[in-house]
Every structure is written in C-alpha cells, then in structure tokens.
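Student: What follows is the residue order along each chain.
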Amino acid sequence: MLVLVLGALVILGAIYAEPVPPEKTVVVLPRAVLQRPPDETVVVLPSADGHTGTVVVQRGGERHVLNQPFAASRLTGGKAEITQLSDAEVRQSFGVALEALPARPTTFLLYFITATDELTDESKGELKKILAALKQRAVPDIMVVGHTDTVGEPERNDLLSARRAERVKGFLIEIGIPSAQIQTAGRGERELLVPSADNVDEPRNRRVEINVR
Amino acid sequence: MRWTLLVCLSCFAAGVWAGDVGQIKAATGAVFLERQGERLPATLGMPVQESDTLVTGADGSAGVTFSDNSVLSVGPGSVLAIERYAFDSTTHNGHFDASLKKGTLAVVSGKMVKQSPDAMRVRTPSSIMGVRGTEFVVKVIEPGN
Chain A
183 MLVLVLGALV ILGAIYAEPV PPEKTVVVLP RAVLQRPPDE TVVVLPSADG HTGTVVVQRG
243 GERHVLNQPF AASRLTGGKA EITQLSDAEV RQSFGVALEA LPARPTTFLL YFITATDELT
303 DESKGELKKI LAALKQRAVP DIMVVGHTDT VGEPERNDLL SARRAERVKG FLIEIGIPSA
363 QIQTAGRGER ELLVPSADNV DEPRNRRVEI NVR
Chain B
2 MRWTLLVCLS CFAAGVWAGD VGQIKAATGA VFLERQGERL PATLGMPVQE SDTLVTGADG
62 SAGVTFSDNS VLSVGPGSVL AIERYAFDST THNGHFDASL KKGTLAVVSG KMVKQSPDAM
122 RVRTPSSIMG VRGTEFVVKV IEPGN
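Residue numbers (the numbering used here), protein chains in the order written: chain A, 183 to 395; chain B, 2 to 146.
Hint data in this document are derived by calculation from the structure and do not stem from the laboratory.
Since we're looking at a predicted model, the values are computed, not measured.
By construction, the Cβ of each residue, glycine as well, lies at the ideal position given by its N, Cα and C atoms.
Any given hint could be a false lead.
[Stated by the list, open to error] Which stretches of chain A does chain B cover? Using the computed rule of at least three CB atoms under 8 Å from a CB of chain B, they are:
#, stretch
1, 281-295
2, 316-326
3, 377-391
[Stated by the list, open to error] Covered by chain A, per the in silico footprint, the following chain B stretches (three or more residues, Cβ under 8 Å):
#, stretch
4, 56-64
5, 134-143
[Stated by the list, open to error] Computed cross-link-like contacts, EDC-like style, restricted to lysine to aspartate or glutamate with a CA-CA straight-line distance of at most 16 Å:
#, chain 1, residue 1, chain 2, residue 2
6, A, LYS306, A, GLU356
7, B, LYS103, A, GLU356
8, B, LYS102, A, ASP221
My request is simple: use the sequences and hints to build the entire structure.
Tutor: Next comes the structure, spelled out in structure tokens:
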C-alpha cells in the first residue's frame, strides 16, 4: 500500500514538475551575413533655384564626389558604386522624408512711408502674400527687425524702427500667430540696405525684415 | 537641502535654454526624441538639443529646423543622432555632426556650411559625408530588412 502511495506521489510530482525548457536553438549565420554592412544610398538633389551642390562620400579608402542632380553613391551587399537615379526613383524611395522637410527659413521685406509706421501701397499688397505664406507654416518662429533711412535724429529713428517692427508684429498676431513666437527689434539707421550719407531720403532703407524659421 | 534643490532647478532651466539648437516643425505618426536615456514623444514646436536622437516608428516622419537655418527630415523607421551641434549667429562658424543609423534622411544645409564647407558631416554605418552647401537624401537599410 505504502509503495503504491509513494509511487503515485512520484508520478504526480513528475506531472507537476516544471516542464523542462526546450533546448535553446542556436542559428549559426554564415560569416558573410553577419559581417555584411547595411545597404546605403546617398543622392544629391537640385535645390529650388536649380543649383546643385556637392556631397563627398567617404567610405573606407573610397571617395565618391556627387555634384550632378540625382547622382547617387550606393553600397549594396558590401559593393559600392556611383550611379544616376531619376527624380521618380528618388520620390519613390525618399517621398515620405521629403514630404516632412520643413519649409526653408526665409526673409520677407516690407517698405514704409517716410517718418511713419504706415506701409507703402505696394507693400500693402505684398503683406497679403506674406501672411498667406506664413499661414502655411505649422510652427513659425519669427524675428521682425525694423529699419529707417538716415533722415532725422538717430535716436528718433531707433524709436521709429521699433514702432515699424511692432506694427508688423500686430499684423502677424491678427492672423493667429502666437505673440510668444514673434520677436521684434528696431535697428534704427544702423543697417542700411542701400548705403547713404546722413539725411538721405532712401525708400529702400525704410523697411522691416520678417525672418521666418 | 533647499539650496541643493534651488541649484538643481536653475541648472535645469539654464540647460533647457542654452541647449536648444533646433525645433520640431513636422511630426506625423510615432516620433520620439531620445534625450539622456529618456524617450520623449516629439510634438510640433518642441526644442531639439545637441545629443538628442530622433526616432520614428514604422508610420512616423519628422522635420526639424536648426538655428543656422539648416533643415532636415526623417522618414519611417529611422534613427538619427544629432551628435554635435554648435552655431555662432555672429560669425556663422559652427559644426554639425549627425549620424543616420537606419531609415531615410533628407537634408538642406544652412548658414554654417556657407561659412565653412567642412562644418557639416553626416555619418552612416559605413560612410562619412562631407557637405558642400546642398540638398541631399540618405538611406540606410539594415541587413535582413
């Protein structure tokens, strides 16, 4: 009887014991696969103005100079080559990344009527286009810098340039750009767009620069 | 104790302001910034700092604008480390080292490259790219993918 009970216990113990972990499978990859470097492609693109710059790709002792539109340096299965891609091939491989590329930082100029913070008629028209362009940017980071010509006292021009910048900031706030994203500065007659002697009425110097990032 | 806390807080604040080198301008799908061992969800307008790593999921893409006006973006399944970045807005001198571990990257170089052509370098696992004022794209596909 005792032998039977003991026997049953041993059997139960065996059933409830933790299952033996299966033997670990070790996959041995061929050396070539383990050492294979990632495949890489580098392509130079023409910029918006049609100009193409240069990228120098250094890979070990090898050097690829890419300076033609859509020239590419490729590493496939450890083998490097210079090749030529098409616009369509680049779009297919890099479309999502290119889509996410932020709008390029840029500068807009607005001009003012002598001794005032009133825009010229031409700049009023320009302002509409600028505001439309700024609305396209999700989180614009803006620096507005006011300037004057050399007519009048430098101290008054400092104040006038600051007023011009503030006026433009007002236009930007009106279209919903948060005030915290707009910095202003007045540079008076210190940074002339068109160099001039003192007391010269120069319309191109009476301006505000809107730098957008 | 109170002083320690105060010192720590001021360090933190100084770090946040001194360290910003760029800003997230586009973020779609899963996008993260890895910073000092933490993984932060990247949102529009979020500052980017030197030593940050930009990571996107299989559905993710993101764009960043830097203080020297260079812009870059990454497509899905990408890991991009901003290893070194400095820019002096007065002299336009600086350096920009980024490393694409995997995925896709698009770059438009900025003011520091105009000032000195060797200022920007982009690395991949096998290559180093020197940038002479240009737009370019890079793709890294890990073996087995």
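Student: Next, verify each hint and record whether it holds.
Tutor: Each hint, compared with the structure:
1. Interface restraint, the stretch 281-295 of chain A with chain B: holds (7 residues with C-beta to C-beta distance below 8 Å; minimum three).
2. Only residues whose beta carbon comes within less than 8 Å of a beta carbon in chain B count, and the stretch 316-326 of chain A has 4; three or more means the coverage holds.
3. A count of 0 residues in the stretch 377-391 of chain A with a Cβ less than 8 Å from any Cβ of chain B is obtained; the coverage claim is therefore unmet, three being the minimum.
4. For the stretch 56-64 of chain B, the proposed coverage by chain A is satisfied: 3 residues have a C-beta within less than 8 Å of a C-beta in that chain, meeting the threshold of three.
5. For the stretch 134-143 of chain B, the proposed coverage by chain A is satisfied: 10 residues have a C-beta within less than 8 Å of a C-beta in that chain, meeting the threshold of three.
6. At roughly 15 Å between alpha-carbon atoms, A:LYS306 and A:GLU356 fall within 16 Å of each other, so this suggested pair holds.
7. For the suggested pair B:LYS103 and A:GLU356, the alpha carbons sit about 43 Å apart, so the restraint of at most 16 Å is broken.
8. Between B:LYS102 and A:ASP221 the alpha-carbon distance is near 11 Å, which keeps this suggested pair within the 16 Å criterion.
Consistency note: the structure conflicts with the earlier hints numbered 3, 7.
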